[in-house]
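Enquirer: Sequences are here, hints too, so could you generate the full structure?
Now for the letters of each chain:
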Amino acid sequence: MRESDFNVGKFFAFLFVLILFLFMLSPLFEEGDGAKIDKNLSDIKNRVSYFHSLKSVKEIERILSDNNDFSKYREITDSAKTVIFGESKDLENGTANLVTSIVLDYRGFDTLGELIVLFISILGLTIILSTLSFAKFEEPSFLQITGVKFVTPFMILVGIYIFLHGHLSPGGGFPAGAIIATATLFSLIGCKFNYRVSNLKFIESNAGFFVILLATLGLYFTGSFFGNYLPTGIVGKLYSSSLILIIYSLVGLKVGAELSVGIKTLYNGEKDDDR
Amino acid sequence: MIFWIFIFIFILSIISSIVSITAKDLLYSVLSLSLLSLLTSILFFILNAPDVAITEAAVGAALTTVIFIFGIRRTEREDK
Amino acid sequence: MIFIAIIFIFIGVLFSFLGSLGILRMKDTYNRLQTSTKATTLGAFSTIIGVGFLNPSWFFKLILIAFFILITSPIASHSLARASHKTGIKLEENQFDALNNENGEKK
Amino acid sequence: MNYNLPVLLIAIPILFSFLSLILGSFNKILSKIILISVIIFNIISGICIYNSVLKNGNILTVIGNYLPPFGINLISTYTSISFLILLYIVFLVASLIFVSKNDDRADKISSVLLLYLASSTGILLTGDIFNLFVFIEIFSISNIILISIKDKKLSIKGSLKYLIITSIGASLYLFGIGFLYGILGTLNLSEISLNFDNISYFSKVFIFLFFLGSIMAELEVFPFNFWISDSYAGSKNYVNILLSGLSSIVALYIFIRLFLTVFGYPTFISFSYSLPFNVKTLFLTIFGLSVIVNELAALSSKNVKRILGFSSASSLSLILLSLSTGLKNGVMAAMLIAISVIISKPLLFLSSHQIMKGKGEKNLNSFIDGFRRNPLFSILFIIGVFTLVGFPLTPSFWGKFLLFISATEKISYTTLILVIVVFSITIELFYYFRLMHKLFIKDENIKVEKTKNNFVYIFSGILLASIIIFFSVKPYFTQNIVEKTTEDIFDKSGYIKSCLKSGEIDDR
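Heads up: the protein sequence lines correspond to chains C, W, Z and R, in order. The opening position of the first sequence corresponds to residue 62 in the numbering used here, with each subsequent residue numbered one higher. The opening position of the second sequence corresponds to residue 4 in the numbering used here, with each subsequent residue numbered one higher. The opening position of the third sequence corresponds to residue 34 in the numbering used here, with each subsequent residue numbered one higher. The opening position of the fourth sequence corresponds to residue 4 in the numbering used here, with each subsequent residue numbered one higher.
Simulated from the structure, these hints should not be mistaken for laboratory data. Model, not experiment: these values are computed from the prediction. Virtual Cβ for every residue (Gly too), placed ideally from N, Cα, C. Just to be clear, a hint being listed does not mean it is correct.
[As the list claims (entries may be wrong)] BS3-like, lysine-lysine: derived pairs with alpha carbons at most 25 Å apart: (1) 119(Z) x 60(Z); (2) 27(W) x 160(R); (3) 71(C) x 27(W); (4) 164(R) x 71(C); (5) 160(R) x 305(R); (6) 210(C) x 119(Z); (7) 160(R) x 71(C); (8) 94(Z) x 210(C); (9) 27(W) x 164(R); (10) 298(C) x 94(Z); (11) 123(Z) x 27(W); (12) 155(R) x 362(R); (13) 119(Z) x 27(W); (14) 119(Z) x 253(C); (15) 210(C) x 71(Z).
[As the list claims (entries may be wrong)] Not close to chain C: a few residues of chain Z, all C-beta gaps over 10 Å, as computed: (16) 36; (17) 46; (18) 63; (19) 65; (20) 77; (21) 96.
[Claimed, not checked] Restraint ranges, calculated between C-beta atoms of paired labels, are given here: (22) 17(W) x 89(Z): 41 to 47 Å; (23) 28(W) x 379(R): 53 to 59 Å; (24) 11(W) x 171(R): 28 to 34 Å; (25) 171(R) x 218(C): 36 to 42 Å.
Expert: Written as structure tokens, this is what we have:
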């Protein structure tokens, strides 16, 4: 590095990266057993496990209103028994993929928030960039056009497969949306396929609308937002896991449409939509 | 064996992040960022998190790179 | 069966190695592209076939993967070469460029 | 049904933000109607929740049918609900002003505003630390978009600055969450606050510093306040109202929840921390310094919006200063000052915008002869200034009075707090009276034309002014609210009990 290359900002950036690296190592020295709760407050833990095994909020409310004696409800429900793939029925949420059940069931509200983060950032992109002019790209050659036309349908198919199988195998709505958006990017650069931004926005906002509508319907069926009210089916089958399948498909569509809107907006500016 | 692969990829990812900070051309730093996220996705896969690995590979390595490059195209490149 | 698989995988690894050696040895962009894509296409292809012999139940999926590699990697190398030609990267030794006319201008 | 009403406060704005994009593509007026009706729904249901909180105490709302330590939960306490109603009033004013203007992008902006509403409600209600992160993220992104709406170089610059500082803050917050989850194994705020003492000193310090560093930008504290000048000066007036009124409520609430409820614990009369270094001194230094710096920046700037922006940042720092004394009187003082600042700042922005209407440059000289041009809004401006500075009988006056009393309780900080408060009051008086003096200067050469005020401006200005006057005329009402809020802030075990529903909790 030459003398003139050195400046304070770079130095601090280096320092920042170094410190973060050290921080990454520091939890190794901490005893993270993740369950310090039970050492001090055994009382809470017991009662939480009761609630956990009881699951339904309405039932707990009923019990709380009757009396505070929990001893009758000690029996563990079905979900805690051994799960057999392809046979077990009516589990808590019939997902074979644990991550999906956490992302969309236990922490569904956070996922909704992440969806909105993506939605609002693309919305902001279209608001800010709507006044800017177009950028010019090279014309694609014959080989590129043919190849891209051959490949893109398969990419979209892969995306659809990933979001449909989000509850069975790794993946889910977000990577599926990203793959679909990559396909549209290829079609945009490779064969000058002009999709309309307004149609994609329609898909996007409708998908978001239905996600929240399905979540809100949980208020009336289970008594809480994002509650799982459809039958969960058999583990390992495609049509299992009730709401998770539907919501993940909607999420996949939404993310795909959103990212495509963002790419198109950055590629052309939004004005050419109204041709 | 896996442990040494892990360490190797870890060091590579740190190097690529440092390159992305110090590179003069913005395009280089974007490319090294994409390399970083590819390496990170491999790390996630080794750490038994295939979901995160797929997402990281699709979003970090492919889409953000493209978005960054589109963004750089829109600006005037002074640091050539 | 395993013997055939090992032969295929060995061929694949050898070609991949030669391809990566070519990237180091060759002098300009186009030659490097050529070695990397051609050699690695064959390398990946034969490795996949070898794995298919090891696990016959995966054979159909592996054929699909090989098919997609066969389609995408030539297109990728084509567009890379095209982009580098358009941005004006020159050949190292032989200055003759078939895409240019006699005066050396682009058609 | 009342049990789940807090969720609807978040869900309905999100639902209608999607709907406003769909319907707005047919007609832009529909999306404006949606915006206003959603806010009215939120105000009404907020008042319903307020009543039920008064009756039954804290309300726990379960999301996803999983009870708190496992799933996500919302807790509506007295503090959060009363803050929410204040927030909705400010938001109503801002959105009325937005609706009264013509804009090509009305559907998109109203959708962003609805998400802004949802995210700030979520920040105030949530009982989960990662959920809080998600809502802070949405909140800051929508802030960035709203700042950059004006399409001038200054606004884009301001929003970029804000983007950089908040994204660094968000990553620090994420690191903090990672640490906490790795060590404690929980994301629930109540469980974290139960077990925070059991962590080793080293990690405690780092977690604390990560969280402190992450919300510095939202708190508009001294080293992280460089985004204020461009963002306030370059944005539209309803965005100014949102930035000064609503953002400060949200920042205040995050500070209260994280640093008083979760990391600190209340003793009989004051908050204390189990950290190895003296947190109170740190807080007092940071906030005292930022009060002084922001006041000086306001004094030295010429642009009126910039003056008001820096002054709002300094008053936010003053509130945080009085909160971080940790004493009962200090917290009460903070609440009193907060009420007056949150309502008077939007009033000041509104009336200064109306006074300067038609003038090209928005600097000090455009205030000249303002009284003859626009007498109504000049009076409103003066009311706002008196409330902010602490004219006797306004809530702010009682707040500063209580702050003095609390300063005498703890002898070690007395001089510091006294000096800072007196200093800030003096400088504020100076630059606000300079502005007020300009209002009455008569410029004989120029013929004065009376500006026509839009009905919406008159309505919202009078609404805000009447709220201020109501609070100052009925001191016992104000005192009642403030005492209840203070009690609620100090009632940490009540917060934890309402979330975990456990029996006995150590009160220390």
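Enquirer: Could you work out which earlier hints the structure fails to respect and list their numbers in ascending sequence?
Expert: As far as the earlier hints go, not one is violated by this structure.
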